[in-house]
Amino acid sequence: MGLLSKKDAALIKDPLADNNPITIQVLGICSALAITAQLKASIVMTISVIFVLGVGNVVISLIRNIIPSKIRIIVQLTVVAALVIIVDQVLKAFSYQLSKELGAFIGLIITNCIIMGRFEAFALGNGPWKSFLDGVGNALGYGIILIIVGFFRELLGSGTLLGFKVLGDPIAKTGLYAFGYENNGFMLLAPMALIVVGVLIWVQRSRNKALIEDH
Amino acid sequence: MEHIELFFKSIFIDNMVFATFLGMCSYLAVSKKVSTAVGLGAAVIFVLLVTVPLNWLLDQYILQPGALGRWLGEDYASFDLSFLSFIMFIATIATMVQLVEIVVEKFSPSLYNSLGIFLPLIAVNCAILGGSLFMQSREIPTLGLATVYGIGSGIGWFLAILAIAAIREKIRYSNVPPALRGLGITFITTGLMAIGFMSFGGMLTGGDDAGKKEEKTAVLEQENKPVEVATVTSIPTEEKKELLNTNKVNE
Numbered sequence: 001m002g003l004l005s006k007k008d009a010a011l012i013k014d015p016l017a018d019n020n021p022i023t024i025q026v027l028g029i030c031s032a033l034a035i036t037a038q039l040k041a042s043i044v045m046t047i048s049v050i051f052v053l054g055v056g057n058v059v060i061s062l063i064r065n066i067i068p069s070k071i072r073i074i075v076q077l078t079v080v081a082a083l084v085i086i087v088d089q090v091l092k093a094f095s096y097q098l099s100k101e102l103g104a105f106i107g108l109i110i111t112n113c114i115i116m117g118r119f120e121a122f123a124l125g126n127g128p129w130k131s132f133l134d135g136v137g138n139a140l141g142y143g144i145i146l147i148i149v150g151f152f153r154e155l156l157g158s159g160t161l162l163g164f165k166v167l168g169d170p171i172a173k174t175g176l177y178a179f180g181y182e183n184n185g186f187m188l189l190a191p192m193a194l195i196v197v198g199v200l201i202w203v204q205r206s207r208n209k210a211l212i213e214d215h
Numbered sequence: 216m217e218h219i220e221l222f223f224k225s226i227f228i229d230n231m232v233f234a235t236f237l238g239m240c241s242y243l244a245v246s247k248k249v250s251t252a253v254g255l256g257a258a259v260i261f262v263l264l265v266t267v268p269l270n271w272l273l274d275q276y277i278l279q280p281g282a283l284g285r286w287l288g289e290d291y292a293s294f295d296l297s298f299l300s301f302i303m304f305i306a307t308i309a310t311m312v313q314l315v316e317i318v319v320e321k322f323s324p325s326l327y328n329s330l331g332i333f334l335p336l337i338a339v340n341c342a343i344l345g346g347s348l349f350m351q352s353r354e355i356p357t358l359g360l361a362t363v364y365g366i367g368s369g370i371g372w373f374l375a376i377l378a379i380a381a382i383r384e385k386i387r388y389s390n391v392p393p394a395l396r397g398l399g400i401t402f403i404t405t406g407l408m409a410i411g412f413m414s415f416g417g418m419l420t421g422g423d424d425a426g427k428k429e430e431k432t433a434v435l436e437q438e439n440k441p442v443e444v445a446t447v448t449s450i451p452t453e454e455k456k457e458l459l460n461t462n463k464v465n466e
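The listed protein sequences derive, respectively, from chains A and B. The opening residue of the first sequence carries number 1 in this note's numbering; numbering runs sequentially from there. The opening residue of the second sequence carries number 216 in this note's numbering; numbering runs sequentially from there.
Hints are not guaranteed to be accurate.
Below, a list of computed lysine-lysine pairs in the DSSO-like style, where the Cα atoms sit at most 27 angstroms apart [unchecked claim]:
id	chain 1	residue 1	chain 2	residue 2
1	A	Lys-70	B	Lys-385
2	B	Lys-321	B	Lys-224
3	A	Lys-165	A	Lys-6
4	B	Lys-385	B	Lys-248
5	A	Lys-6	A	Lys-209
6	A	Lys-173	A	Lys-40
7	A	Lys-100	A	Lys-7
8	B	Lys-247	A	Lys-209
9	A	Lys-100	B	Lys-224
10	A	Lys-100	A	Lys-165
11	A	Lys-13	A	Lys-92
12	B	Lys-224	A	Lys-209
13	A	Lys-173	A	Lys-7
14	A	Lys-6	A	Lys-40
15	B	Lys-321	A	Lys-209
The following residues of chain B were derived to be distant from chain A, with all beta-carbon distances above 10 angstroms [what the hints assert, rightly or not]:
id	residue
16	Glu-220
17	Ala-234
18	Phe-298
19	Ile-302
20	Glu-320
21	Ser-323
22	Ala-381
23	Leu-395
24	Phe-415
Label-pair ranges, simulated between beta-carbon atoms [to be verified]:
id	chain 1	residue 1	chain 2	residue 2	range
25	A	Tyr-181	B	Leu-272	35 to 43 angstroms
26	B	Ser-352	A	Ile-43	20 to 28 angstroms
27	B	Ser-389	A	Ser-206	25 to 33 angstroms
28	A	Thr-174	B	Thr-310	19 to 27 angstroms
29	B	Leu-358	A	Thr-174	38 to 46 angstroms
30	B	Val-391	A	Thr-78	21 to 29 angstroms
31	A	Asp-18	B	Lys-248	21 to 29 angstroms
32	B	His-218	A	Ala-210	27 to 35 angstroms
33	A	Leu-62	B	Ala-257	50 to 58 angstroms
34	A	Thr-174	B	His-218	45 to 53 angstroms
35	B	Val-391	A	Asp-18	16 to 24 angstroms
36	A	Thr-174	B	Phe-294	47 to 55 angstroms
In case anyone wonders, no lab produced these hints; they're calculated from the structure. Cβ coordinates follow ideal geometry from the N, Cα and C atoms, glycine included.
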């Protein structure tokens with residue numbers, strides 16, 4: 001493994017599938033559903049969360065011994081809020097259009113439960129390097145779901161991927177549209193995000209029976 | 216009139232859970248029993264009722280570009296503190312949540328015990344911060360409207376969690392495919408309920424709001440063309456009615 005010991009590698013790998021933050025730990029659902037109508041927004045959100053969670057976990061882990069436990073939530077929120085302000089300002093500076101589209105949802109990274117969840121469950125009890133790996137791993141696990149959902153919603157909803165018309169032009173009737181294929185505008189609307197995630201959970205749990213809940 | 220319109224709009228049309236997916240984490244985690252769901256829902260209503268107007272004042276008098284100039288004199292008129300809004304909002308919210316926690320612990324220990332870890336987590340309930348952020352981005356003009364918006368969104372969230380908790384209590388007796396049990400079926404049920412709630416879209420303007428609706432959904436879905444929006448309204452009416460009935464029964 002060279003760079004990473006086996007335990008460290010598991011910190012990154014586990015959240016990608018069997019301990020996925022969204023489908024198993026049920027954290028960070030809100031943003032996963034709200035911004036996935038387009039693949040591009042999903043990718044930007046993923047990158048932002050990787051940054052915030054990776055850095056935030058390290059910061060919390062470094063100061064974990066000096067935070068009084070009674071006010072730890074406020075301390076954690078302040079750390080996240082500061083990091084999110086950085087992300088927000090960077091987005092506004094370099095990609096104003098995208099920052100407008102994501103709107104309030106960048107701000108809502110602050111209350112993304114994945115972040116608080118990992119701070120509480122991991123960074124408060126582990127060293128900085130491990131916390132960093134855990135943060136990146138969980139953010140990646142979150143991102144994977146975001147990107148899968150974004151992929152299907154954009155492909156089926158608008159027939160594009162990252163804005164490119166991969167299925168042909170719906171107005172000029174080229175590509176698939178020549179055979180009478182229609183975009184399913186419903187995929188772009190809020191409820192379908194929930195149903196797509198529901199189906200993803202179904203697929204995952206059918207493949208790995210150990211994850212099935214009693215009720 | 217304006218107040219009543221905003222009130223119903225924030226409960227039904229812009230419902231926190233079904234239209235903007237805010238507060239999903241606690242919505243999914245605490246909706247196994249109706250009694251806990253009611254407790255959490257009430258806490259959310261209260262916290263939103265207090266934090267939205269408070270944050271409105273902060274936004275108007277401190278954060279907006281030029282806001283300081285209004286009461287500190289011309290020297291401060293060029294200040295723009297809007298980049299601080301996240302941190303100010305979340306600080307207000309965290310403080311209020313701590314307060315609610317103390318009050319609930321004092322007056323209703325049983326509720327305090329049943330809410331357990333989720334009470335402090337109201338601070339990270341996206342619905343609360345979302346309420347303040349949407350209040351800011353929609354530029355709500357007066358303190359009164361901000362209060363109405365806060366309480367309306369809170370009630371909307373309360374209705375949503377109450378409905379799903381009731382459904383989940385009943386669904387326990389149904390034969391759900393094993394892999395869908397628990398989380399999976401809850402997601403799909405919520406999706407169907409959201410479709411039902413979409414039919415409230417026509418409530419205020421008498422159904423002729425294709426333009427308005429587009430504006431709302433288009434914030435994040437810029438590619439969403441009017442043609443596709445039209446499909447929203449063309450869900451088979453029977454299905455819609457059925458979903459509506461399910462919602463009503465469970466509320």
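- Message: Taking the earlier hints as the rules, which of them does this structure contradict?
- Response: 1, 2, 3, 7, 11, 12, 13, 14, 15, 17, 18, 19, 23, 25, 27, 28, 29, 30, 32, 33
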